[in-house]
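When you get a sec, could you build the whole thing from the sequences and use the hints?
Using our numbering, read the sequence shown as starting at 76 and increasing by one per residue.
Okay, derived cross-link-like pairs now, BS3-like style, lysine-lysine, Cα gap no bigger than 27 Å in a straight line:
1. Lys-356 <-> Lys-119
2. Lys-94 <-> Lys-119
3. Lys-188 <-> Lys-239
4. Lys-146 <-> Lys-120
5. Lys-408 <-> Lys-200
6. Lys-319 <-> Lys-431
7. Lys-184 <-> Lys-241
8. Lys-291 <-> Lys-182
9. Lys-153 <-> Lys-105
10. Lys-291 <-> Lys-319
11. Lys-267 <-> Lys-356
12. Lys-119 <-> Lys-105
13. Lys-405 <-> Lys-182
14. Lys-319 <-> Lys-241
15. Lys-345 <-> Lys-356
16. Lys-201 <-> Lys-431
17. Lys-94 <-> Lys-382
18. Lys-200 <-> Lys-431
19. Lys-153 <-> Lys-94
20. Lys-201 <-> Lys-405
21. Lys-119 <-> Lys-99
Read the hints as simulated data drawn from the structure, not as lab findings.
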Amino acid sequence: MIRFVFPLDGDCLNSRDGKLNGNKLCVTVKVEAPEKNDVYICNKKAVYDTEYFTADVEISGYRNTLTAEDKTSGECAKIAVFKLNDVEGKYRVSSDDNILFLQDLTKNKDVYKSIFENPYLAVYKKAHDLYGAKVHLNLFYEFIPTDDFKEHTEYFNLTMMTDKFKDEFRANSDWLKLAFHAKSEYPDMPYKNTTSEEITEDCTNVCREIIRFAGKECINDTTTIHWGEVNREGVRALRSLGFKSLTGYLTFNADGTPLVAYYLDKEQVKHADTRDFWYDKDEDMMFARIDLVTNLGTYDWVMSQIKEIVAHPNRGGFVSTMIHEQYFHKDYKGYLPDFENRVLDVCKYLYDNGYKGCHIADAVAEKHLCDNKSFE
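In C-alpha coordinates form, the structure reads like this:
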(Lines of atoms letter the chains of each structure in order from A and count residues from 1; the text may use other names and numbers.)
(Lines give C-alpha, C1' and ligand atoms only; values in the text may rest on other atoms or scores of the structure.)
Protein backbone atom coordinates (compact mmCIF):
# COMPACT_ATOMS: atom_id res chain seq x y z
CA MET A 1 0.00 0.00 0.00
CA ILE A 2 3.03 2.30 0.37
CA ARG A 3 5.73 2.53 -2.26
CA PHE A 4 8.36 4.93 -3.54
CA VAL A 5 7.62 6.70 -6.82
CA PHE A 6 10.80 8.79 -6.93
CA PRO A 7 13.55 7.97 -6.45
CA LEU A 8 13.44 4.21 -6.94
CA ASP A 9 15.52 1.56 -5.28
CA GLY A 10 19.03 1.62 -6.73
CA ASP A 11 18.83 5.09 -8.26
CA CYS A 12 22.05 7.07 -8.53
CA LEU A 13 21.16 10.72 -8.03
CA ASN A 14 22.81 13.93 -9.17
CA SER A 15 22.05 17.65 -9.28
CA ARG A 16 19.63 17.14 -12.17
CA ASP A 17 17.43 15.27 -9.68
CA GLY A 18 17.40 18.03 -7.08
CA LYS A 19 19.39 20.96 -5.69
CA LEU A 20 22.96 20.87 -4.44
CA ASN A 21 23.74 22.53 -1.14
CA GLY A 22 27.46 22.09 -0.63
CA ASN A 23 28.07 18.33 -0.45
CA LYS A 24 24.41 17.61 0.15
CA LEU A 25 21.76 16.99 -2.48
CA CYS A 26 18.19 18.03 -1.68
CA VAL A 27 15.68 15.78 -3.46
CA THR A 28 11.90 15.91 -3.41
CA VAL A 29 10.94 12.33 -2.56
CA LYS A 30 7.57 11.06 -3.78
CA VAL A 31 5.67 8.20 -2.17
CA GLU A 32 2.36 6.61 -3.03
CA ALA A 33 0.00 5.80 -0.15
CA PRO A 34 -3.71 6.24 0.71
CA GLU A 35 -4.55 9.95 0.68
CA LYS A 36 -6.01 10.18 4.17
CA ASN A 37 -3.17 8.34 5.91
CA ASP A 38 -0.41 9.84 8.03
CA VAL A 39 2.84 9.39 6.09
CA TYR A 40 6.44 10.20 7.06
CA ILE A 41 9.43 10.18 4.72
CA CYS A 42 12.83 9.88 6.41
CA ASN A 43 11.14 10.90 9.68
CA LYS A 44 9.66 14.06 8.11
CA LYS A 45 5.89 14.46 7.87
CA ALA A 46 5.02 14.23 4.18
CA VAL A 47 2.56 16.48 2.36
CA TYR A 48 -0.07 15.10 -0.01
CA ASP A 49 -0.04 16.96 -3.35
CA THR A 50 -3.16 15.55 -5.10
CA GLU A 51 -1.32 12.42 -6.27
CA TYR A 52 1.64 11.57 -4.03
CA PHE A 53 3.06 12.29 -0.62
CA THR A 54 6.22 14.38 -0.86
CA ALA A 55 9.01 15.58 1.38
CA ASP A 56 12.34 17.24 0.71
CA VAL A 57 15.22 15.04 1.84
CA GLU A 58 18.94 15.79 1.93
CA ILE A 59 21.36 13.03 1.02
CA SER A 60 25.10 13.29 1.39
CA GLY A 61 26.68 9.85 1.56
CA TYR A 62 27.62 7.51 -1.25
CA ARG A 63 24.96 5.02 -0.18
CA ASN A 64 21.79 6.28 1.51
CA THR A 65 18.74 4.51 2.92
CA LEU A 66 15.41 6.28 2.48
CA THR A 67 12.42 5.23 4.56
CA ALA A 68 8.70 5.83 4.11
CA GLU A 69 6.35 5.04 6.97
CA ASP A 70 2.57 4.96 6.94
CA LYS A 71 1.74 5.54 10.59
CA THR A 72 -1.93 4.88 9.92
CA SER A 73 -1.48 1.37 8.55
CA GLY A 74 1.86 0.62 10.16
CA GLU A 75 3.49 -0.20 6.84
CA CYS A 76 7.03 0.83 6.03
CA ALA A 77 9.13 0.86 2.84
CA LYS A 78 12.88 1.25 2.43
CA ILE A 79 15.10 1.85 -0.58
CA ALA A 80 18.80 2.45 -1.16
CA VAL A 81 19.89 5.37 -3.31
CA PHE A 82 23.36 6.58 -4.23
CA LYS A 83 24.99 9.95 -4.60
CA LEU A 84 27.90 9.47 -6.96
CA ASN A 85 30.51 12.06 -6.23
CA ASP A 86 32.36 13.85 -8.99
CA VAL A 87 30.53 12.30 -11.95
CA GLU A 88 28.62 15.24 -13.36
CA GLY A 89 30.15 16.90 -16.35
CA LYS A 90 32.25 13.78 -17.01
CA TYR A 91 32.51 11.46 -20.01
CA ARG A 92 34.23 8.30 -21.10
CA VAL A 93 35.13 6.65 -24.40
CA SER A 94 34.89 2.88 -24.77
CA SER A 95 35.45 0.44 -27.59
CA ASP A 96 34.31 -3.17 -27.94
CA ASP A 97 35.56 -6.16 -29.96
CA ASN A 98 39.22 -5.26 -29.58
CA ILE A 99 42.08 -7.57 -30.52
CA LEU A 100 43.46 -6.61 -33.93
CA PHE A 101 45.51 -3.69 -32.59
CA LEU A 102 47.29 -6.17 -30.32
CA GLN A 103 48.03 -8.41 -33.26
CA ASP A 104 49.53 -5.40 -35.05
CA LEU A 105 51.67 -4.47 -32.03
CA THR A 106 53.00 -8.01 -31.93
CA LYS A 107 53.78 -8.08 -35.64
CA ASN A 108 55.60 -4.77 -35.39
CA LYS A 109 57.29 -5.22 -32.02
CA ASP A 110 60.70 -4.75 -33.64
CA VAL A 111 59.53 -1.70 -35.59
CA TYR A 112 57.34 0.30 -33.21
CA LYS A 113 59.05 2.23 -30.45
CA SER A 114 55.68 3.11 -28.91
CA ILE A 115 52.24 1.51 -28.75
CA PHE A 116 50.88 4.73 -30.19
CA GLU A 117 52.61 4.07 -33.49
CA ASN A 118 49.74 1.66 -33.96
CA PRO A 119 47.28 3.87 -35.92
CA TYR A 120 44.24 2.65 -34.01
CA LEU A 121 45.67 3.47 -30.58
CA ALA A 122 46.93 6.77 -32.02
CA VAL A 123 43.29 7.89 -32.38
CA TYR A 124 42.67 7.46 -28.67
CA LYS A 125 45.98 9.12 -27.78
CA LYS A 126 44.79 12.17 -29.72
CA ALA A 127 41.47 12.08 -27.90
CA HIS A 128 43.31 12.02 -24.59
CA ASP A 129 45.92 14.64 -25.43
CA LEU A 130 43.49 17.06 -27.05
CA TYR A 131 40.33 16.56 -25.02
CA GLY A 132 41.30 14.75 -21.83
CA ALA A 133 39.48 11.57 -22.84
CA LYS A 134 39.75 8.48 -20.68
CA VAL A 135 39.52 5.37 -22.81
CA HIS A 136 38.37 1.83 -22.04
CA LEU A 137 39.01 -1.05 -24.48
CA ASN A 138 37.17 -4.37 -24.09
CA LEU A 139 39.13 -7.32 -25.45
CA PHE A 140 38.43 -10.59 -27.19
CA TYR A 141 40.66 -13.51 -26.22
CA GLU A 142 41.13 -14.63 -29.81
CA PHE A 143 40.68 -13.53 -33.40
CA ILE A 144 39.46 -16.22 -35.78
CA PRO A 145 39.61 -15.09 -39.43
CA THR A 146 36.24 -14.83 -41.18
CA ASP A 147 34.81 -13.37 -44.37
CA ASP A 148 34.20 -10.14 -42.45
CA PHE A 149 37.79 -9.16 -43.27
CA LYS A 150 39.69 -9.38 -46.55
CA GLU A 151 43.25 -9.00 -45.29
CA HIS A 152 43.21 -10.06 -41.64
CA THR A 153 43.61 -13.76 -42.33
CA GLU A 154 45.90 -14.93 -39.52
CA TYR A 155 44.69 -16.49 -36.27
CA PHE A 156 45.73 -14.62 -33.11
CA ASN A 157 45.08 -14.92 -29.40
CA LEU A 158 46.23 -12.96 -26.38
CA THR A 159 48.87 -15.50 -25.37
CA MET A 160 50.67 -14.47 -28.56
CA MET A 161 50.72 -10.78 -27.61
CA THR A 162 54.18 -9.36 -26.99
CA ASP A 163 55.02 -8.00 -23.54
CA LYS A 164 57.58 -5.58 -24.97
CA PHE A 165 55.27 -2.61 -24.37
CA LYS A 166 54.21 -3.50 -20.82
CA ASP A 167 55.94 -0.51 -19.24
CA GLU A 168 54.28 1.89 -21.67
CA PHE A 169 50.84 0.41 -21.04
CA ARG A 170 51.44 0.82 -17.32
CA ALA A 171 52.66 4.40 -17.79
CA ASN A 172 49.41 5.30 -19.55
CA SER A 173 47.10 3.27 -17.31
CA ASP A 174 45.59 6.38 -15.72
CA TRP A 175 43.63 7.04 -18.92
CA LEU A 176 43.88 3.79 -20.95
CA LYS A 177 42.16 0.74 -19.46
CA LEU A 178 41.63 -2.81 -20.73
CA ALA A 179 39.02 -5.40 -19.76
CA PHE A 180 37.37 -8.70 -20.68
CA HIS A 181 34.74 -8.66 -23.43
CA ALA A 182 34.34 -12.24 -24.71
CA LYS A 183 36.27 -15.21 -25.98
CA SER A 184 35.76 -14.21 -29.62
CA GLU A 185 33.47 -12.45 -32.10
CA TYR A 186 31.28 -15.48 -32.75
CA PRO A 187 28.87 -16.90 -31.73
CA ASP A 188 26.50 -13.98 -31.11
CA MET A 189 25.29 -13.51 -27.52
CA PRO A 190 27.75 -16.10 -26.17
CA TYR A 191 26.82 -15.62 -22.50
CA LYS A 192 23.04 -15.28 -22.69
CA ASN A 193 22.67 -18.76 -21.22
CA THR A 194 26.16 -19.17 -19.81
CA THR A 195 27.33 -21.18 -16.86
CA SER A 196 29.46 -19.69 -14.15
CA GLU A 197 32.30 -21.99 -15.16
CA GLU A 198 32.22 -20.93 -18.82
CA ILE A 199 32.28 -17.16 -18.34
CA THR A 200 34.77 -17.45 -15.47
CA GLU A 201 37.19 -19.39 -17.65
CA ASP A 202 36.90 -16.96 -20.58
CA CYS A 203 37.23 -13.92 -18.34
CA THR A 204 40.18 -15.35 -16.44
CA ASN A 205 42.03 -16.14 -19.64
CA VAL A 206 41.68 -12.55 -20.86
CA CYS A 207 42.51 -10.87 -17.55
CA ARG A 208 45.55 -13.08 -16.99
CA GLU A 209 46.99 -12.02 -20.34
CA ILE A 210 46.21 -8.33 -19.81
CA ILE A 211 48.21 -8.43 -16.60
CA ARG A 212 51.05 -10.23 -18.36
CA PHE A 213 51.47 -7.83 -21.29
CA ALA A 214 50.06 -4.57 -19.85
CA GLY A 215 50.25 -4.83 -16.07
CA LYS A 216 47.54 -5.03 -13.43
CA GLU A 217 47.35 -1.23 -13.48
CA CYS A 218 45.50 -1.45 -16.82
CA ILE A 219 42.80 -3.81 -15.60
CA ASN A 220 39.42 -2.16 -15.10
CA ASP A 221 36.59 -3.46 -12.90
CA THR A 222 34.02 -2.17 -15.40
CA THR A 223 33.23 -3.91 -18.67
CA THR A 224 30.72 -4.38 -21.47
CA ILE A 225 30.15 -8.05 -22.15
CA HIS A 226 29.80 -9.01 -25.83
CA TRP A 227 26.21 -8.29 -26.95
CA GLY A 228 25.32 -7.20 -23.40
CA GLU A 229 23.35 -10.39 -22.85
CA VAL A 230 24.34 -12.27 -19.69
CA ASN A 231 22.11 -14.28 -17.37
CA ARG A 232 22.16 -13.85 -13.61
CA GLU A 233 24.52 -16.76 -13.10
CA GLY A 234 27.02 -15.15 -15.45
CA VAL A 235 26.74 -11.73 -13.79
CA ARG A 236 27.23 -13.30 -10.37
CA ALA A 237 30.38 -14.95 -11.66
CA LEU A 238 31.67 -11.61 -12.96
CA ARG A 239 30.89 -9.95 -9.63
CA SER A 240 32.78 -12.67 -7.76
CA LEU A 241 35.78 -12.04 -10.03
CA GLY A 242 35.76 -8.38 -9.00
CA PHE A 243 33.70 -6.56 -11.63
CA LYS A 244 31.65 -3.85 -9.94
CA SER A 245 29.83 -2.32 -12.90
CA LEU A 246 28.54 -3.32 -16.31
CA THR A 247 27.70 -1.03 -19.21
CA GLY A 248 24.98 -1.58 -21.77
CA TYR A 249 22.47 0.16 -24.01
CA LEU A 250 19.75 -0.49 -21.40
CA THR A 251 17.02 0.23 -23.87
CA PHE A 252 14.60 -1.67 -26.15
CA ASN A 253 14.52 -3.30 -29.55
CA ALA A 254 11.80 -2.29 -32.00
CA ASP A 255 9.76 -5.30 -30.85
CA GLY A 256 9.87 -4.12 -27.23
CA THR A 257 12.40 -6.63 -25.92
CA PRO A 258 15.36 -5.38 -23.84
CA LEU A 259 18.46 -4.48 -25.86
CA VAL A 260 22.00 -4.96 -24.51
CA ALA A 261 20.53 -5.11 -21.02
CA TYR A 262 21.97 -8.29 -19.49
CA TYR A 263 19.29 -10.06 -17.39
CA LEU A 264 17.24 -6.96 -16.54
CA ASP A 265 13.48 -7.23 -17.04
CA LYS A 266 11.36 -4.74 -18.97
CA GLU A 267 10.44 -2.59 -15.98
CA GLN A 268 14.06 -2.35 -14.86
CA VAL A 269 15.21 -1.47 -18.37
CA LYS A 270 12.45 1.11 -18.78
CA HIS A 271 13.73 2.88 -15.70
CA ALA A 272 17.46 2.43 -16.37
CA ASP A 273 16.92 3.84 -19.87
CA THR A 274 16.38 7.27 -18.33
CA ARG A 275 19.35 7.22 -15.95
CA ASP A 276 23.14 7.48 -16.10
CA PHE A 277 23.57 4.70 -13.51
CA TRP A 278 21.34 2.21 -11.73
CA TYR A 279 22.28 -0.26 -9.00
CA ASP A 280 20.80 -3.74 -8.62
CA LYS A 281 21.19 -4.54 -4.94
CA ASP A 282 20.13 -8.16 -5.48
CA GLU A 283 23.29 -8.82 -7.48
CA ASP A 284 25.43 -6.01 -6.00
CA MET A 285 26.06 -4.72 -9.52
CA MET A 286 26.05 -1.20 -10.88
CA PHE A 287 24.74 -0.71 -14.42
CA ALA A 288 25.84 2.23 -16.53
CA ARG A 289 24.06 3.30 -19.68
CA ILE A 290 26.00 3.64 -22.94
CA ASP A 291 24.52 6.83 -24.34
CA LEU A 292 25.83 6.69 -27.89
CA VAL A 293 27.33 4.06 -30.20
CA THR A 294 29.31 6.17 -32.62
CA ASN A 295 29.68 3.59 -35.39
CA LEU A 296 25.90 3.63 -35.89
CA GLY A 297 24.20 5.97 -38.35
CA THR A 298 25.81 8.76 -40.30
CA TYR A 299 28.40 11.16 -38.94
CA ASP A 300 25.76 13.92 -38.87
CA TRP A 301 23.40 11.65 -36.92
CA VAL A 302 26.14 10.94 -34.37
CA MET A 303 26.79 14.63 -33.81
CA SER A 304 23.09 15.42 -33.49
CA GLN A 305 22.69 12.63 -30.95
CA ILE A 306 25.52 13.81 -28.71
CA LYS A 307 23.90 17.25 -28.53
CA GLU A 308 20.57 15.71 -27.48
CA ILE A 309 22.24 13.56 -24.84
CA VAL A 310 24.07 16.49 -23.27
CA ALA A 311 20.76 18.35 -23.00
CA HIS A 312 18.86 15.37 -21.52
CA PRO A 313 17.64 16.11 -17.96
CA ASN A 314 18.75 12.77 -16.51
CA ARG A 315 21.29 11.25 -18.91
CA GLY A 316 23.47 14.27 -19.58
CA GLY A 317 25.30 14.28 -16.27
CA PHE A 318 27.73 11.51 -17.22
CA VAL A 319 28.09 10.72 -20.93
CA SER A 320 29.32 7.32 -22.10
CA THR A 321 30.18 6.71 -25.75
CA MET A 322 31.20 3.49 -27.47
CA ILE A 323 32.55 2.30 -30.81
CA HIS A 324 33.81 -1.03 -32.21
CA GLU A 325 37.39 -1.64 -33.30
CA GLN A 326 36.62 -3.45 -36.55
CA TYR A 327 35.11 -0.33 -38.14
CA PHE A 328 38.58 1.24 -38.07
CA HIS A 329 40.10 -1.32 -40.46
CA LYS A 330 39.93 -0.73 -44.21
CA ASP A 331 39.47 -4.41 -45.04
CA TYR A 332 36.41 -4.77 -42.78
CA LYS A 333 33.05 -5.12 -44.51
CA GLY A 334 31.63 -2.19 -42.51
CA TYR A 335 34.72 0.05 -42.65
CA LEU A 336 34.08 3.68 -41.69
CA PRO A 337 36.51 6.11 -43.37
CA ASP A 338 35.52 8.78 -40.83
CA PHE A 339 36.17 6.55 -37.78
CA GLU A 340 38.71 8.96 -36.34
CA ASN A 341 36.41 11.96 -36.79
CA ARG A 342 33.57 10.14 -35.06
CA VAL A 343 35.76 9.59 -32.02
CA LEU A 344 37.55 12.93 -31.91
CA ASP A 345 34.66 15.23 -32.83
CA VAL A 346 32.39 13.74 -30.16
CA CYS A 347 35.16 14.18 -27.61
CA LYS A 348 35.71 17.75 -28.79
CA TYR A 349 32.02 18.59 -28.44
CA LEU A 350 31.96 17.25 -24.90
CA TYR A 351 35.22 18.98 -24.01
CA ASP A 352 33.99 22.28 -25.44
CA ASN A 353 30.87 21.95 -23.30
CA GLY A 354 32.86 21.55 -20.10
CA TYR A 355 33.03 17.76 -19.80
CA LYS A 356 36.14 16.02 -18.48
CA GLY A 357 37.33 12.44 -19.00
CA CYS A 358 36.44 9.90 -16.31
CA HIS A 359 36.47 6.12 -15.94
CA ILE A 360 33.23 4.56 -14.71
CA ALA A 361 35.20 2.65 -12.10
CA ASP A 362 36.34 5.97 -10.67
CA ALA A 363 32.80 7.32 -10.73
CA VAL A 364 31.00 4.51 -8.91
CA ALA A 365 33.58 2.78 -6.73
CA GLU A 366 33.21 3.01 -2.99
CA LYS A 367 36.45 4.28 -1.54
CA HIS A 368 38.52 2.24 0.89
CA LEU A 369 38.49 3.52 4.44
CA CYS A 370 42.22 4.22 4.30
CA ASP A 371 41.64 6.50 1.29
CA ASN A 372 39.13 8.74 3.05
CA LYS A 373 40.50 12.26 2.62
CA SER A 374 38.49 13.59 5.55
CA PHE A 375 40.76 11.65 7.93
CA GLU A 376 43.86 13.56 6.81
